[in-house]
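A.B. asks: Protein chains in written order, with my numbering: chain C, 93 to 463; chain F, 93 to 463; chain D, 93 to 463; chain B, 93 to 463.
These aren't lab readings, by the way, just hints derived from the structure by calculation.
Keep in mind that the hints are not guaranteed to be accurate.
As the list claims (entries may be wrong) - Now the in silico label distances, taken between C-beta atoms and shown as ranges:
| id | chain 1 | residue 1 | chain 2 | residue 2 | range |
| --- | --- | --- | --- | --- | --- |
| 1 | B | Gly184 | C | Arg204 | 25 to 35 Å |
| 2 | F | Ser338 | C | Arg182 | 33 to 43 Å |
| 3 | D | Pro180 | F | His141 | 32 to 42 Å |
| 4 | F | Asn424 | D | Glu322 | 53 to 63 Å |
| 5 | D | Gly178 | F | Thr98 | 31 to 41 Å |
| 6 | C | Val334 | F | Thr98 | 53 to 63 Å |
| 7 | B | Leu153 | C | Gln100 | 53 to 63 Å |
As the list claims (entries may be wrong) - In silico lysine to aspartate or glutamate, DMTMM-like type, Cα no more than 25 Å apart, as pairs:
| id | chain 1 | residue 1 | chain 2 | residue 2 |
| --- | --- | --- | --- | --- |
| 8 | F | Lys346 | B | Glu205 |
| 9 | D | Lys425 | D | Glu343 |
| 10 | D | Lys425 | C | Glu343 |
| 11 | B | Lys423 | B | Glu318 |
| 12 | D | Lys346 | B | Glu205 |
| 13 | D | Lys425 | D | Glu205 |
| 14 | B | Lys346 | F | Glu247 |
| 15 | F | Lys244 | B | Asp326 |
| 16 | C | Lys423 | D | Glu343 |
| 17 | F | Lys423 | B | Glu322 |
| 18 | B | Lys425 | F | Glu247 |
| 19 | D | Lys425 | C | Glu456 |
| 20 | C | Lys346 | F | Glu205 |
| 21 | F | Lys425 | B | Glu131 |
| 22 | C | Lys346 | C | Asp326 |
| 23 | B | Lys425 | F | Glu343 |
| 24 | D | Lys346 | D | Glu322 |
| 25 | B | Lys425 | B | Glu131 |
| 26 | D | Lys244 | F | Glu205 |
| 27 | D | Lys341 | B | Glu205 |
| 28 | F | Lys425 | B | Glu343 |
Virtual Cβ for every residue (Gly too), placed ideally from N, Cα, C.
Residue strings, one per chain:
4 protein chains.
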Amino acid sequence: VEVPATCQAAVLVEYGRPLEIREVPIPEVEPNAILIRVEMAGVCGTDVHLHQGAVGAPVILPVIPGHEGLGRIARLGQGRTHDAVGEPLRPGDRILWSHAWCGRCYWCDIAREPTLCRNATTYGLRQSEEQPFLTGSFAEYEYLVPNTRVVKVPEELSNEEVVGASCAFRTVVSAYDRLNRVGGVGTQDSVVILGAGPIGLYSTLLATEGGAGQTIVVGAPRARLELAREWGADHVINLDEVPDPSQRKAEVLKLTSGRGADVVVEAAGVLSAFGEGLEMVRPGGRYLEIGQTHGAATTPVAPAKIHDNLVVIGNKSATIVHFYKALHFIKNKRHRYAFGKMVSNTYPLTRVNEALASMKAGREIKAAIVP
Amino acid sequence: VEVPATCQAAVLVEYGRPLEIREVPIPEVEPNAILIRVEMAGVCGTDVHLHQGAVGAPVILPVIPGHEGLGRIARLGQGRTHDAVGEPLRPGDRILWSHAWCGRCYWCDIAREPTLCRNATTYGLRQSEEQPFLTGSFAEYEYLVPNTRVVKVPEELSNEEVVGASCAFRTVVSAYDRLNRVGGVGTQDSVVILGAGPIGLYSTLLATEGGAGQTIVVGAPRARLELAREWGADHVINLDEVPDPSQRKAEVLKLTSGRGADVVVEAAGVLSAFGEGLEMVRPGGRYLEIGQTHGAATTPVAPAKIHDNLVVIGNKSATIVHFYKALHFIKNKRHRYAFGKMVSNTYPLTRVNEALASMKAGREIKAAIVP
Amino acid sequence: VEVPATCQAAVLVEYGRPLEIREVPIPEVEPNAILIRVEMAGVCGTDVHLHQGAVGAPVILPVIPGHEGLGRIARLGQGRTHDAVGEPLRPGDRILWSHAWCGRCYWCDIAREPTLCRNATTYGLRQSEEQPFLTGSFAEYEYLVPNTRVVKVPEELSNEEVVGASCAFRTVVSAYDRLNRVGGVGTQDSVVILGAGPIGLYSTLLATEGGAGQTIVVGAPRARLELAREWGADHVINLDEVPDPSQRKAEVLKLTSGRGADVVVEAAGVLSAFGEGLEMVRPGGRYLEIGQTHGAATTPVAPAKIHDNLVVIGNKSATIVHFYKALHFIKNKRHRYAFGKMVSNTYPLTRVNEALASMKAGREIKAAIVP
Amino acid sequence: VEVPATCQAAVLVEYGRPLEIREVPIPEVEPNAILIRVEMAGVCGTDVHLHQGAVGAPVILPVIPGHEGLGRIARLGQGRTHDAVGEPLRPGDRILWSHAWCGRCYWCDIAREPTLCRNATTYGLRQSEEQPFLTGSFAEYEYLVPNTRVVKVPEELSNEEVVGASCAFRTVVSAYDRLNRVGGVGTQDSVVILGAGPIGLYSTLLATEGGAGQTIVVGAPRARLELAREWGADHVINLDEVPDPSQRKAEVLKLTSGRGADVVVEAAGVLSAFGEGLEMVRPGGRYLEIGQTHGAATTPVAPAKIHDNLVVIGNKSATIVHFYKALHFIKNKRHRYAFGKMVSNTYPLTRVNEALASMKAGREIKAAIVP
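Next up, chain C with everything else stripped away, as it sits in the complex (with noise of 0.2 Å):
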């Protein structure tokens, strides 16, 4: 495959202004690592905060973002031979990956919390001025640095079908795992999801498709509930039609028996929603924490929720195997779901900043660039 010296990129040079499309150079590949021609990169909300200068993390100045890449193999790193499954490698394969722990540190090897690693490479959100530059998906090119985990992707799958395994859906089936260590979904369990953006329709899938009896989704807008209710939805919510907390906890308590659900999943991200999902859950029963990314911010609690014999359990990213298992998920599950319709519209990448600002406004399910 033939590679050009430089590439096109969309580079954040300062929050609030728009991104700029740039001439950036492609680096020489060392050892085990990985040049990627980018195919598609979904927009996360995450991507909308970093435009915003609202991310916690200490983002570095100018940035290429973009985490949810999807693409081909350009070139490939001497020694760099199989991916993460032990399948071979080759140019012209399509690929995902994952941020690149350093597999050397207390948070690595003692704590074997690698999604904890202080020490990572961590794509479209670059922190050290040691890492390559071209790190981010928005951009034709991206740079995998040697630790990178891979693995390869199906051929009959369209990026649109996989293209949020890259991030929701991975950080979902990492989280359900995490789930499963403390009883998981029980044979016909009643559960709530908050949320109805990407993570919160991918934990509705993994809730239906594990055994759930009742599924209830609280979330806005209309578009998104749709969606939920194809992707096995008993219930839907709407935050527009039913904006009082107290009125939401009532109706979900109707459909539970008066007691609230076996399980909540908290994956809407907004702070508050995390106190509302305990006033759901029924005591006894299990809670998973997904969105809250907040920092040291700081929301209203009754620890009295948690002391009734509740667990609550919460899961930050996903490693490899997540993003593996949500692709086999999707390979076997095609014929019942439309995983395309995640994607709901595709901007070329000198339209960037479109697509970010369609995020925004909550006009899409999921924006995704085509570089």
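Mind docking chains F, D and B on chain C? Use the hints.
C.D. replies: Same frame as chain C, now just chains F, D and B:
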């Protein structure tokens, strides 16, 4: 055994007023019920709250308080032949007893969480007119309804050593059993205990004897912290000396390589302690919530702390198995720990108001009534 | 409802001899007991073994077999007002019931494993002279002792759809609940089910609807494997066509990248199946043992298979919560699965011996008696 | 530090023949690798088996045995600056090291079970021609490949106290961590340990310090059982005095109210011990399998024992976190236990064959080489 027609009992007639010593009729013993000659009744923090009308549950006045009873069998109802372990019961045997869950409702049979039963007969906290009046331990005799589970107390143990097992200790055993479902205290884990009351002190014991590498107790006053040290605390942080929560957090971080403890046990009960504990646990750690019984009252919490791969597990009360295990712990470890130090003073029934006042003033580790 | 003084029942008088149809007195209904007009009674493999005297437990002859009962309330004992979920009970209601654990022994109260209770009243397998005679389902009426837990059956479900929930299905629900304690079926896990009888078929359903990516059923005969396919099996291995265990293992390895399945469910019951399953699970996987009830009988096992990070979890029987969940599963998924196919033939009480013979000959998926 | 060009090593040239002391070249230290000056090397039962050609794995001859190494850093490869906990590494530091998992395969990244990695560099058991020859601890120097994880040893600990942490103890810590996932040792549980070798002795310690109410050790010879008593065993059953397994079972049942132990730990390694342990655990209990490494060899097992609600969990080897925890255990509990008693005799490298013979003859608790 000769049983009189009436006995003395301390009766709470009106919130905030001194308890009155009254002569109360002793009921006939129906099948499977048991009549107890009370030997000792611990005074719990809940009794202080009850006296002030500050218990959430709808207690009926007048009421005989006391749910930490310990006594000998005066009368055995027909058909009541064995304790929960299968040991034969005879008049004169010294026993402990749990609240009497109904065993027939959604909470008992479907959720399998008997401590959440809404139909329980709760000793010392009478909540139904159908419940016999003589069901509190601040009395010479106490009536145990047929559903009540009981266990025999080994004769070599003194009342002072054992009385804590009828409330605080059995709750802590239950809580650690729940913690065990999600990983427990791992080999050499660091553990922070918030609170140095009976719940905190027994939590210190179970951490120490359960594999902790380092145990840090945060509480007051000095006398309780000294007992915490005797019962295994490697470090204590005195609330009276370090009144600033951010400074307490700093001390814990200093003791835990800047990361926070592997396990935090909230045994303080103060509303703000819940959020304080979240600041002290490391990402990916475990948080055991025992103390928060404040109903709908809220406190500020940073949900991102939970999001970072935390597991939080709550525990309400205990079932008879935990009384049994607490008794065995005392029996097996009494060569190492002076369990009797839990009772700092005993009072005859006629001085029950003094006992309550002394507990309220924080002058006791635990006061106990000897009726 | 009018209740006669006597009713017909099929009685096993001597092992190996045909059951006799006898006229049996109907007892008075004591408080909390229930008299049932039996509508359908499934014939279980255990009934075939019982008939041959090959059940380990010390059953008393003569006995009325049948522990898969389904019927309507003819008489409600005083005080028996609600089912286990809290729904009101009235004569005419159709219900399912569990064995009656004592709720008072070491196994019920301390180990909290009621299915291990040694004092249970076990329907269709009478083991004590004190147990009423009319406690088997191969009869027009059946007497449920006071301790028996019951749940109402939704009226829209047919007897054929439901009867399996009174034995095989509730056991499978219980088994998967136990599996959930140790990780469950993870997202897209591969699952091998050994056995295509009722236990195997319901296990296939729960794997399919519980998140499996690939389900492989090993069993016979063809009719059962066809139902397994309808109920979600991606692959079936017919014991009649592949009689060599090493060849079956090879097929499973071929389907699982040479590593073995993530989860194996032993639902065959044949003694050798236990070891065969261990050959089919990957190192670090999970193994759910449901079928082995052969007492002290041994089979060769390679313990190194377990040593390699395996988790093996056994399950005996079920409690009332699992009946409840099984019923909800049937109600919620009947648009997708033809649950009624579980009953391949029904027989009147007078033809009970034919039903047993047909089960023994392997001609049925499940036979059922309609008394 | 001055490093010579060659060093002495004990080399196994042919199975069954004495090891030869040879002069072996010391390789250059590549980036991230470490050269060790070995201070002590434990002799493991596996070394005895290796000497006899009875290890399942395909070891390449000639080989330098020894996988229980303990030594000081002679040379640090470029880029190797910290240990697994984040402590800085310097020449002269004393460290322990784990096998070197590849970190890139299905087992490391997808199954997340690195001890199952098929590409590991395994010290003392060289399995690939590409692995440097000087990778066994029966030598003056040892070469650690770049992937090897290491932890520093606190200076206050003696080699005799620590050497067991490099094999048996870290394995036991890993095993109890796995047991913790499924309930662990509950408060006051009864625990049977099968085996009184190093694995059994460390298992006794972790049971004692992990909350057991009663610990029973089954093993031999007398010297090891005496150490078991010092390390917490309440009862010992001497195989030499009670050679009949059914009598040993009877003794365990007598000590556990006729029900069997709550937890059984199989640490004997003898094939028949697996089934013997199943006879000693109570229904609904937990069974931890550490000792069985006999590949496809089978032993008779009664699967009904597992069916009765048992949880069996296996453990193979350990990762670096378990070395770290084992070291902390030793550091924190050395005032209570004489850990140095694990090493019953030390031998210079030239007497390595004597050490092997003494281990084989059962005259040692553990022999150690001081090269």
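A.B. asks: Hint by hint, say whether it matches the structure.
C.D. replies: Now for the hints, and whether the structure bears them out:
In this structure the supplied range 25 to 35 Å holds for Gly184(B) paired with Arg204(C), their Cβ-Cβ distance being about 29 Å. Take Ser338(F) and Arg182(C): their Cβ atoms lie about 55 Å apart, and the range 33 to 43 Å is violated. The hinted range of 32 to 42 Å is satisfied by Pro180(D) and His141(F), whose Cβ atoms lie roughly 37 Å apart. Between Asn424(F) and Glu322(D), the C-beta spacing of about 56 Å keeps the proposed range 53 to 63 Å intact.
For the pair Gly178(D) and Thr98(F), the beta carbons lie near 39 Å from each other, so the given range of 31 to 41 Å is met. The hinted range of 53 to 63 Å is satisfied by Val334(C) and Thr98(F), whose Cβ atoms lie roughly 58 Å apart. Taken as a hint, the range 53 to 63 Å holds for the pair Leu153(B) and Gln100(C), whose Cβ atoms sit roughly 59 Å apart. Note on Lys346(F) and Glu205(B): the hinted pairing is violated, with a Cα-Cα distance of about 33 Å set against a maximum of 25 Å.
Taking the CA atoms of Lys425(D) and Glu343(D), the gap is near 31 Å; set against the 25 Å cutoff, the hint is violated. With a CA separation close to 24 Å, the supplied pair Lys425(D) and Glu343(C) stays within the 25 Å bound. Straight-line distance between C-alpha atoms of Lys423(B) and Glu318(B) comes to about 22 Å, which keeps the hinted pair within the 25 Å bound. For a cut-off of 25 Å, the pair hint linking Lys346(D) to Glu205(B) stands: about 22 Å separates their Cα positions.
Proposed proximity of Lys425(D) and Glu205(D) is contradicted: the alpha carbons are some 30 Å apart, above 25 Å. The straight-line distance between the Cα atoms of Lys346(B) and Glu247(F) is roughly 21 Å, inside the 25 Å bound, and the hint therefore holds. This hinted pair checks out: Lys244(F) and Asp326(B) have alpha carbons roughly 23 Å apart, not beyond 25 Å. For a cut-off of 25 Å, the pair hint linking Lys423(C) to Glu343(D) stands: about 22 Å separates their Cα positions.
Taken as a hint, the Lys423(F) and Glu322(B) pair is honoured in the structure, with Cα atoms around 20 Å apart against an allowance of 25 Å. Straight-line distance between C-alpha atoms of Lys425(B) and Glu247(F) comes to about 33 Å, which puts the hinted pair past the 25 Å bound. A distance of roughly 32 Å separates the Cα atoms of Lys425(D) and Glu456(C); the hinted pair therefore is violated under the 25 Å criterion. The straight-line distance between the Cα atoms of Lys346(C) and Glu205(F) is roughly 22 Å, inside the 25 Å bound, and the hint therefore holds.
Under the criterion of a C-alpha separation no larger than 25 Å, the hint pairing Lys425(F) with Glu131(B) is inconsistent with the structure, at around 39 Å. Taking the CA atoms of Lys346(C) and Asp326(C), the gap is near 14 Å; set against the 25 Å cutoff, the hint holds. This hinted pair checks out: Lys425(B) and Glu343(F) have alpha carbons roughly 24 Å apart, not beyond 25 Å. Restraint check for Lys346(D) and Glu322(D): satisfied, since their Cα atoms lie roughly 23 Å apart, inside the 25 Å limit.
A hinted pair counts as satisfied when its Cα atoms are at most 25 Å apart, and Lys425(B) with Glu131(B) qualifies at roughly 23 Å. Simply put, Lys244(D) and Glu205(F) have alpha-carbon atoms about 21 Å apart, close enough for the 25 Å limit, and the pair holds. Between Lys341(D) and Glu205(B) the alpha-carbon distance is near 23 Å, which keeps this suggested pair within the 25 Å criterion. This hinted pair checks out: Lys425(F) and Glu343(B) have alpha carbons roughly 24 Å apart, not beyond 25 Å.
Comparing the model with each numbered hint stated earlier shows that hints 2, 8, 9, 13, 18, 19 and 21 do not hold.
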